[in-house]
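Q: Use the sequences and the hints to build the structure in full.
Protein chains in written order, with our numbering: chain S, 124 to 333; chain D, 305 to 965.
There could be a bad hint or two in this list.
[Stated by the list, open to error] With a cut-off of at most 27 Å between alpha-carbon atoms, the simulated DSS-like pairs for lysine-lysine come out as follows:
{"#": "1", "chain 1": "D", "residue 1": "Lys707", "chain 2": "D", "residue 2": "Lys347"}
{"#": "2", "chain 1": "S", "residue 1": "Lys137", "chain 2": "D", "residue 2": "Lys333"}
{"#": "3", "chain 1": "D", "residue 1": "Lys333", "chain 2": "S", "residue 2": "Lys234"}
[Said to hold, decoys possible] From the derived model, a few chain D residues whose C-beta atoms are all more than 10 Å from chain S:
{"#": "4", "residue": "Gln330"}
{"#": "5", "residue": "Glu341"}
{"#": "6", "residue": "Gly624"}
{"#": "7", "residue": "Asn656"}
{"#": "8", "residue": "His856"}
{"#": "9", "residue": "Val961"}
Think of the hints as simulated: they come from the structure by calculation, not from any bench.
Even glycine gets a Cβ: it sits at the ideal position worked out from N, Cα and C.
Take a look at the letters that make up each chain.
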Amino acid sequence: MPVAYSQGFTPHPKISYASAAPTGVASEAEYLEIGLQAPVDPADLRAALDGALSPGLDVLDAVVATGGSLADRIEASSWRVELPEVAPEALRAAVDAFTAAAEVQVERMTKQGRRTFDARGAVIAIDVATPTPTPSGGPAVPCAILEVVVRQVTPSVRPDDVLSGLRVVAGLEPPVPPRVIRLAQGTLTAQGEIVDPLDADRDGATIGER
Amino acid sequence: MSVPSTTSRPAAANSVWSRLEPLLPQVTKPIQYVGGELGAVVKDWDAAAVRWALMYPDAYEVGLPNQGVQILYEVLNELPDVLAERTYAVWPDLERLMRAHGVPQFTVDAHRPVRDFDVFGVSFATELGYTNLLTAIDLAGIPLLAADRTDADPVVLAGGHAAFNPEPIADFVDAAVLGDGEEAVLEITAIVRDWKAEGCPGGRDELLLRLARTESVYVPRFYDVDYLPDGRIQRVVPNRPDVPFRVHKRTTMDLDAWPYPKKPLVPLAETVHERYAVEIFRGCTRGCRFCQAGMITRPVRERSITTVGQMVQQGLEFSGFHEVGLLSLSSADHSEIGDMCSGLAQQYEGTNVSLSLPSTRVDAFNIDLAQELSRNGRRTGLTFAPEGGSERIRKVINKMVSKDDLIRTVVTAYTNGWRQVKLYFMCGLPTETDEDVLEIADMAHEVIRAGRAATGSKDIRCTVSIGGFVPKPHTPFQWAAVERPEVIDGRLKLLKQAINADRSLGRAIGFRYHDGEPSLIEGLLSRGDRRVGAVIRRVWENGGRFDGWSEHFSYQRWVDAAAEVLPAFGVDLDWYTTRERDELEVLPWDHLDSGLDKDWLWQDWQDALSEYEQDDCRWTPCFDCGVCPAMDTEIQIGPTGKKLLPLTPINGGGLRVPSAG
Chain S
124 MPVAYSQGFT
134 PHPKISYASA
144 APTGVASEAE
154 YLEIGLQAPV
164 DPADLRAALD
174 GALSPGLDVL
184 DAVVATGGSL
194 ADRIEASSWR
204 VELPEVAPEA
214 LRAAVDAFTA
224 AAEVQVERMT
234 KQGRRTFDAR
244 GAVIAIDVAT
254 PTPTPSGGPA
264 VPCAILEVVV
274 RQVTPSVRPD
284 DVLSGLRVVA
294 GLEPPVPPRV
304 IRLAQGTLTA
314 QGEIVDPLDA
324 DRDGATIGER
Chain D
305 MSVPSTTSRP
315 AAANSVWSRL
325 EPLLPQVTKP
335 IQYVGGELGA
345 VVKDWDAAAV
355 RWALMYPDAY
365 EVGLPNQGVQ
375 ILYEVLNELP
385 DVLAERTYAV
395 WPDLERLMRA
405 HGVPQFTVDA
415 HRPVRDFDVF
425 GVSFATELGY
435 TNLLTAIDLA
445 GIPLLAADRT
455 DADPVVLAGG
465 HAAFNPEPIA
475 DFVDAAVLGD
485 GEEAVLEITA
495 IVRDWKAEGC
505 PGGRDELLLR
515 LARTESVYVP
525 RFYDVDYLPD
535 GRIQRVVPNR
545 PDVPFRVHKR
555 TTMDLDAWPY
565 PKKPLVPLAE
575 TVHERYAVEI
585 FRGCTRGCRF
595 CQAGMITRPV
605 RERSITTVGQ
615 MVQQGLEFSG
625 FHEVGLLSLS
635 SADHSEIGDM
645 CSGLAQQYEG
655 TNVSLSLPST
665 RVDAFNIDLA
675 QELSRNGRRT
685 GLTFAPEGGS
695 ERIRKVINKM
705 VSKDDLIRTV
715 VTAYTNGWRQ
725 VKLYFMCGLP
735 TETDEDVLEI
745 ADMAHEVIRA
755 GRAATGSKDI
765 RCTVSIGGFV
775 PKPHTPFQWA
785 AVERPEVIDG
795 RLKLLKQAIN
805 ADRSLGRAIG
815 FRYHDGEPSL
825 IEGLLSRGDR
835 RVGAVIRRVW
845 ENGGRFDGWS
855 EHFSYQRWVD
865 AAAEVLPAFG
875 VDLDWYTTRE
885 RDELEVLPWD
895 HLDSGLDKDW
905 LWQDWQDALS
915 EYEQDDCRWT
925 PCFDCGVCPA
935 MDTEIQIGPT
945 GKKLLPLTPI
955 NGGGLRVPSA
965 G
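A: The following block contains the structure:
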């Protein structure tokens with residue numbers, strides 16, 4: 124791949140990730156930008172990258188950027204959080220308390236130390252999903268499922284911050300580590316829907332199947 | 305265009321992935337345990353007749369780049385009916401969780417339990433991996449002691465340089481292989497394949513016996529060690545009639561016939577080396593008396609310039625690495641190193657590919673080489689190893705480089721744009737005095753002075769890096785005493801003061817050192833006998849892990865364990881380390897044949913004490929070290945007279961998709 128490099132003593136390939144999912148979190152929607160030295164067919168690039176990456180890291184689509192930064196198009200992210208051994212009613216009560224609150228202060232350790240910030244304001248939608256067979260093929264134990272759409276803000280509010288918020292407002296303590304999946308991220312419509320950030324580069328037409 | 309279907313990880317039938325995955329969010333750097341690297345191979349378990357689990361007994365970040373494991377992984381997986389997977393030492397955070405949740409030691413390729421494999425091969429570059437071996441065996445659910453294992457357990461096989469004295473781990477391994485692995489693993493595979501095809505006659509004992517009969521696989525249980533009343537070894541003899549008295553090392557000749565790695569592993573997590581490494585020759589006859597690698601890998605066997613060129617082209621194309629490391633024990637000594645470097649520099653001019661020579665002798669480095677290594681503007685680090693501070697001590701260790709050579713070479717580097725060089729030395733060498741070590745300061749001062757004069761700039765630096773000397777088996781210093789840690793630490797303190805005595809020069813000199821304590825323990829492990837196994841076990845039981853990492857290594861834990869278990873044998877830590885051996889003492893590894901004639905080693909040890917130097921047999925007549933006649937080998941060096949041709953430029957159109965497997 125004719126990747127472009129930064130100038131300087133130790134040139135780095137020009138790759139930037141927009142709003143990468145935290146470690147330990149699954150994702151169906153990650154986006155990155157690659158700077159190239161020469162034009163290539165996006166389909167060829169997709170196939171070459173996909174072939175070099177590990178099983179489970181699948182490159183689904185590539186488009187030629189038509190301008191503007193990718194990061195600017197990531198306005199919100201939608202997450203699905205599976206909470207094994209949590210009763211759906213308990214989650215429902217916690218979600219209701221969270222929604223009713225104007226502000227929910229949570230703490231997280233960051234590289235700069237312990238920070239306290241509001242986890243409520245960035246949450247656009249939060250709901251309890253009806254259980255379906257778990258996509259990760261987990262065993263059939265009671266499992267509450269949280270669906271949450273969070274606006275991209277600074278400091279970023281991640282699914283674990285929302286879970287911290289549920290603990291703060293309702294004492295919800297998942298007994299086992301939750302399974303978190305990012306379902307989508309992109310621009311936000313006035314109706315609160317997330318739009319694929321690459322759509323703007325697809326000449327208005329929907330190329331992908333989704 | 306349609307969205308391609310996603311390729312999900314095919315879960316092997318015996319995979320522990322579903323139990324491992326929930327633990328990963330709770331540990332540091334979980335990506336090191338997931339596998340799936342470019343170059344990784346996952347094969348059908350049931351279709352394989354022989355299955356190997358290969359381990360480098362350190363963390364992924366150190367173990368993945370290991371050249372030996374990568375070569376054997378590829379050699380084995382090229383066989384249609386053989387499967388090889390990799391496993392690395394897990395950090396204590398994951399070890400705790402695996403114990404709590406009953407997850408066994410697993411391979412990173414298909415996350416299979418190590419115990420399910422036929423052979424569990426562990427490559428030891430250093431003895432400090434021994435405690436990690438015990439962790440892996442125990443986590444795998446394999447009995448710690450070889451004597452307690454059954455037909456359900458894999459053969460635990462040690463290799464690598466430390467396997468030239470596997471006696472300290474004799475209780476824990478079933479077998480050890482000395483020397484080059486490429487052909488050894490194929491021979492062992494054939495024996496295991498036949499034995500399994502015959503229905504495993506005679507069980508584990510018969511398999512080990514068949515391995516022992518090759519005379520190149522050492523099976524400790526078939527040998528008894530008798531001791532004298534004073535604690536020394538009386539003799540080591542076979543305890544059954546059909547095994548050899550001595551076990552010989554393997555030597556792979558004609559490296560051009562073994563051009564591995566072809567498909568280097570590209571790590572997912574950050575590792576210590578991220579480059580395409582190609583061995584340009586194996587073996588070294590410079591004859592540095594402390595250097596076990598140089599002694600046990602003789603004779604010198606060069607890989608030809610054309611094979612190296614081809615390997616680099618294919619390796620880079622496959623991996624996408626941007627650095628090429630031309631590896632060997634003394635890379636500038638290759639008979640065509642100049643043409644090789646200029647050919648490669650030319651081929652990759654205008655790209656981001658850089659070349660490095662990790663081991664370069666100061667007397668073989670020159671201005672042409674410097675220019676080729678920096679042709680595309682990027683300069684990888686330069687390290688030179690005078691090893692000893694004084695001319696006298698360099699005669700003792702047979703590192704025949706002069707101070708003038710060093711100054712000239714380093715100045716060459718500075719004038720060619722390098723701003724920083726690293727100088728490596730040892731402390732605690734036989735016959736060493738404070739004065740020998742203090743001369744390192746003079747040398748470093750002169751390097752800076754000459755560098756400033758030559759470049760007219762104050763912006764140059766050197767780093768003095770010092771390690772403690774550890775006497776190793778199969779070297780002329782195998783009889784020498786380890787210096788006491790307090791003496792080493794004292795000398796290092798004096799040296800630091802001497803370097804900083806001139807503040808202007810001292811500011812440009814970095815000083816890095818290892819204190820003497822880990823070296824003493826390495827000394828115990830490198831020249832230990834079977835009784836040392838009890839110390840290793842006690843240390844491990846008391847929590848010893850990752851002894852090669854200063855933040856995990858506990859000197860006190862080793863001292864305490866030695867004090868608890870060794871008195872029962874009438875010996876102690878000092879007996880193994882700070883005691884000088886005499887000529888007639890039976891050494892624990894005497895029955896393991898590196899090809900070196902013990903009389904020659906002793907003579908070279910005496911020559912060291914009288915500061916007499918030994919030449920290199922590549923350029924002067926044979927001095928009868930014994931290796932070539934004993935092993936039926938010969939020196940293989942060029943020049944071939946061939947040159948590297950310019951590469952045809954990659955066509956501008958299609959992108960390359962790596963082939964799987």
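Q: Honestly, which of those hints from before does the structure not fit?
A: Structure breaks hints 1, 4, 5, 6, 7, 9.
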